Every structure is written in structure tokens, then in C-alpha cells.
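Below, each chain spelled out in residue letters.
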Amino acid sequence: DTAVSQTPKYLVTQMGNDKSIKCEQNLGHDTMYWYKQDSKKFLKIMFSYNNKELIINETVPNRFSPKSPDKAHLNLHINSLELGDSAVYFCASSPPTSDEQYFGPGTRLTVT
Amino acid sequence: EDQVTQSPEALRLQEGESSSLNCSYTVSGLRGLFWYRQDPGKGPEFLFTLYSAGEEKEKERLKATLTKKESFLHITAPKPEDSATYLCALFSQGGSEKLVFGKGMKLTVNP
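In order, the protein sequences belong to chains Z and H. If you read the first sequence in the numbering used here, its first letter stands for residue 193, the second for the next number, and so on. If you read the second sequence in the numbering used here, its first letter stands for residue 2, the second for the next number, and so on.
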């Protein structure tokens, strides 16, 4: 199936731990994104990469570090997790000829 | 600052009862206005892009329209499977390359 995929689907961890979320797209898109959706369902962009180059870096704590090993992958590493990091994180991608973004299924992160 | 406001926050309809969802926006220059559908536990699914005032797009029971200040998502004779959260988002011209989302509108269609 052609899609945007994320792993894991659920992630439960304790405060202070470091965790990573992986994202892969096989749509041949050049641009990939990370979004955070909070408990009120508000979706907000965190980062975007175009062909492995960082394009957008919103006011996100530097505990969050995206890494793009190639244009089909964009991973999110989070250091020293805090309670407020609990949310659903979505990866998305878009083709070079369009602003339409295609989202993955999300990773629900719970920090206890 | 670019802003998107959706109303109402939640809407309950009976099957077959047509209605419209509103998305008002403020932006210095609009590059595109987007509608997405999000089902519980899933990622947003792209529905429409509108680029200029007066433009309309349709897909099954959904029709999206755009003015210079608002976009409407009209739902004609909805079915229970249309129940979802509908998100409106915009891309601004000349600004940072990012989608700005509204808070969404949860639609429930009762059989």
C-alpha cells in the first residue's frame, strides 16, 4: 500500500526518558512534516523537511530533534520527556507540485 | 498572524438533514484553503483545496466553497458514515511554508 506510516502506534513512557518515533512515506514526496495534536484536538506544525533539509522549525523545545536520513523518512527523537509532551504526533508528506498534505495514522505518546 | 476559526465546534444532525460548516480566516495573502476529515484514532484525510474566492469543489455529499473571508463545507443529505471531525486549514502566500489549522468541528450524524 502507498501511504505514510508511523511506528509505534502507541508509546507509554516515564518522565525523563528518551524516545523516538519513526515515519516513512512511499509516495515519492519531497517534503515531510511533524505535527502535534493536543488533548483539545488542535493540530500544530512542529517541523518540516524538504529533501532532507530542515525548512520549518516552530517554537518547539530543543528536546525535540527531527532527523531525516533520506527523503522518504523523517524520525522524531524526544529527550527528557515531560508530562506536557503527552499528545498524538502525526507525520505528513506532500508532493513537490502541490500543497496537499497526506497524514500518517499518528503515534499516541503518553508520559507518566 | 494567520488565523482559522471554525464554527460550530460540534454539530449533531439527523440522517438526511443538510447543513453547512463554517471556516472563517484571516490571512495577508491566501495561497490555499484546505478541508480535511479526521476519524477517531486516525490521521487527517485530505478532502479539498480551494485557491480563490468563488471556487467550489464537490465530492459525493460534500461541497466546499470559498469567499474572501470564509469557507463553507456543505453537507447534503448526510449519512452516519459522514460522522467525523472536519478540519479547515490555510496556507499563506509569502509566509512560512506551513498549514495553519482550525480547531475542527465534530459532526455526528444520527440514523
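Don't read these hints as lab results, they were simulated from the structure. In this text the structure is predicted, and so the values were computed from the model without any measurement. Yeah, the Cβ is synthetic: ideal placement off N, Cα and C, and Gly gets one too. Hints are not guaranteed to be accurate.
[As the list claims (entries may be wrong)] Cut-off 25 Å, straight-line C-alpha distance, at most; resulting in silico cross-link-like pairs (SDA-like, lysine to any residue):
1) K64/H to E250/Z
2) K232/Z to A78/H
3) K69/H to N111/H
[Unchecked claim] Calculated Cβ distances over 10 Å to all of chain Z for the following chain H residues:
4) S20
5) R32
6) A78
7) T86
8) L88
9) L100
[As the list claims (entries may be wrong)] Label-pair ranges, simulated between beta-carbon atoms:
10) P253/Z to P81/H: 38 to 46 Å
11) S84/H to E245/Z: 22 to 30 Å
12) G17/H to N271/Z: 34 to 42 Å
13) E16/H to R300/Z: 41 to 49 Å
14) P253/Z to Q4/H: 22 to 30 Å
15) R255/Z to Y52/H: 31 to 39 Å
Now the hints, each set against the structure:
Between the alpha carbons of K64/H and E250/Z the distance comes to roughly 33 Å, so the proposed pair goes past 25 Å and is violated. Between K232/Z and A78/H the alpha-carbon distance is near 29 Å, which puts this suggested pair outside the 25 Å criterion. Our distance criterion of 25 Å between C-alpha atoms is broken by K69/H and N111/H, whose separation comes to about 33 Å. At roughly 20 Å from the closest C-beta of chain Z, the C-beta of S20/H stays outside 10 Å, upholding its exclusion from the interface.
A Cβ of chain Z approaches the Cβ of R32/H within 10 Å, the least distance being about 7 Å, so the stated non-interface status is violated. The beta carbon of A78/H sits about 27 Å from the closest Cβ of chain Z, which is more than 10 Å, so the claim that it is off the interface holds. Look at T86/H: its CB is around 7 Å from the nearest CB on chain Z, not clear of 10 Å, so calling it non-interface is violated. With 10 Å as the threshold on Cβ separation, the claim that L88/H sits away from chain Z is violated: the shortest Cβ distance comes to roughly 7 Å.
L100/H, annotated as away from the interface, has a beta carbon of chain Z within 10 Å; the closest lies near 6 Å. The given range of 38 to 46 Å is respected by P253/Z and P81/H, whose C-beta atoms sit roughly 41 Å from each other. S84/H and E245/Z have their C-beta atoms about 40 Å apart, which leaves the hinted 22 to 30 Å range violated. Between G17/H and N271/Z, the C-beta spacing of about 52 Å breaks the proposed range 34 to 42 Å.
Distance hint check for E16/H and R300/Z: the Cβ-Cβ separation is about 31 Å, which falls outside the suggested range of 41 to 49 Å. Range check, P253/Z to Q4/H: about 24 Å between beta-carbon atoms, so the 22 to 30 Å window is met. Look at R255/Z against Y52/H: about 38 Å separates their beta carbons, and that is inside 31 to 39 Å.
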